[in-house]
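Visitor: Protein chains in written order, with the numbering used here: chain V, 1 to 183; chain Y, 1 to 163.
Any given hint could turn out to be false.
To be verified - From the structure, some residues in chain V lie toward chain Y, with a derived Cβ separation under 8 Å:
| id | residue |
| --- | --- |
| 1 | T41 |
| 2 | I147 |
| 3 | D152 |
| 4 | R156 |
| 5 | R160 |
Please keep in mind that the hints were generated in silico from the structure rather than gathered at the bench. Cβ atoms here follow ideal geometry from the backbone N, Cα and C, with glycine treated the same way.
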Amino acid sequence: MIEHARLVIPVQVGEAAEINYGGPAAADFGPLARDRILVRTMTESDLPALIMIDRRITGRDRSAYFERKLAEALHESDVRISIVAERDGVVVGFIMARVDVGEFGRVETTAVMDTIGVHPDYRNLGVGRALISQLLINLMTLRVEYIRTEIDWRERDLLRFLDHSGFRPSQQLCFERLIETAA
Amino acid sequence: MASMTAIITAEKSVLAVRPVRPADIPHVIALDKQITGLVKREYWQQAFERYAAREARDRSFLVAEAHGTKSRTPILGFIIGEVRAWEFGSAPCGWVFALSVEPRARLRGVGQALFEAISAEFKAAGVRSVRTMVARGNRLHLAFFRSEGMMAGPYLQLEKELD
Chain V
1 MIEHARLVIP
11 VQVGEAAEIN
21 YGGPAAADFG
31 PLARDRILVR
41 TMTESDLPAL
51 IMIDRRITGR
61 DRSAYFERKL
71 AEALHESDVR
81 ISIVAERDGV
91 VVGFIMARVD
101 VGEFGRVETT
111 AVMDTIGVHP
121 DYRNLGVGRA
131 LISQLLINLM
141 TLRVEYIRTE
151 IDWRERDLLR
161 FLDHSGFRPS
171 QQLCFERLIE
181 TAA
Chain Y
1 MASMTAIITA
11 EKSVLAVRPV
21 RPADIPHVIA
31 LDKQITGLVK
41 REYWQQAFER
51 YAAREARDRS
61 FLVAEAHGTK
71 SRTPILGFII
81 GEVRAWEFGS
91 APCGWVFALS
101 VEPRARLRGV
111 GQALFEAISA
121 EFKAAGVRSV
131 RTMVARGNRL
141 HLAFFRSEGM
151 MAGPYLQLEK
161 ELD
């Protein structure tokens, strides 16, 4: 970086630069949250952090689930987007999504966000917002038309977060039945 | 889950439900096209690779066929599902995400036979509940799944359009 008295001129991508607040709004989601928090693609070495954060949130050890999800994300041919957020070099949140065409009879290119988590000690700091923001940008690059997710109606914190992120009830109904009562 | 073959009894005695084979895929594509008006070759090929070709005991892709008769229709219907564990924070359960029945073969228990067969596979995989998503406007699917005893569960689907 070249410094001239009070003027700082970035010479490499990623170096600090003055933000032009007078420019038109960027065509993305939550740029400020994303600017403050590093969001990057998930790697195999993130697995212990994912398991630890999930255990803090749910009180369960779901190692097998995360191992399978990460393997799918890294090795299967499906289009998956899995990202993590860092604060001070530590993974503090994650989102996993996949791109589907045709599930449940839908014909639009749709992404399914099936796993999300933010470390409880880092809530209300914009981590979730930064993750969603980056996920939506990645999906738009892939020309995905919709993103959907499913949520238990009792998960009020997550429901509020998704509401603030622009999610709305879809026109799909979730039906279920105990299998013991099946044939 | 790939070895099951169920021959349905009583009035559905002419039906057999079995795992899909590669030779069925063109018929699956044709049946889907007949119903949706869309040709999705790549999607169904990928579905076969994902749910039938690979060794996976928690994934099922089943077809129904007329058993022991020379039917004009190679397959009468198909169903696809898998056990999904902890997605959306949900405990493991079976998800049905594709079901289709040849229109001329409807009201003969084909859908029910397919649904019973996949429910049995989910049960064998150790899960206690089965779920699906149905579009509010799809009266056919709503009527079918309601008649199979499925009811609204605690999960809501949320979506966001990407401009």
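Visitor: All hints are to be evaluated individually against the structure, with a verdict given for each.
Guide: These are the hints, each one checked on the structure:
Hint status for T41 of chain V: violated, given a least beta-carbon distance of 19 Å to chain Y, over 8 Å. A least Cβ separation of about 5 Å between I147 of chain V and chain Y falls short of the 8 Å threshold, and the interface hint therefore holds. The interface hint given for D152 of chain V is met, as the beta carbon of that residue sits about 5 Å from the closest beta carbon of chain Y, less than 8 Å. A hinted interface residue such as R156 of chain V counts as satisfied when its beta carbon comes closer than 8 Å to some beta carbon of chain Y; here the least separation is about 12 Å, so the hint is violated.
Hint on R160 of chain V is violated. Least Cβ distance to chain Y is approximately 12 Å, over the 8 Å limit.
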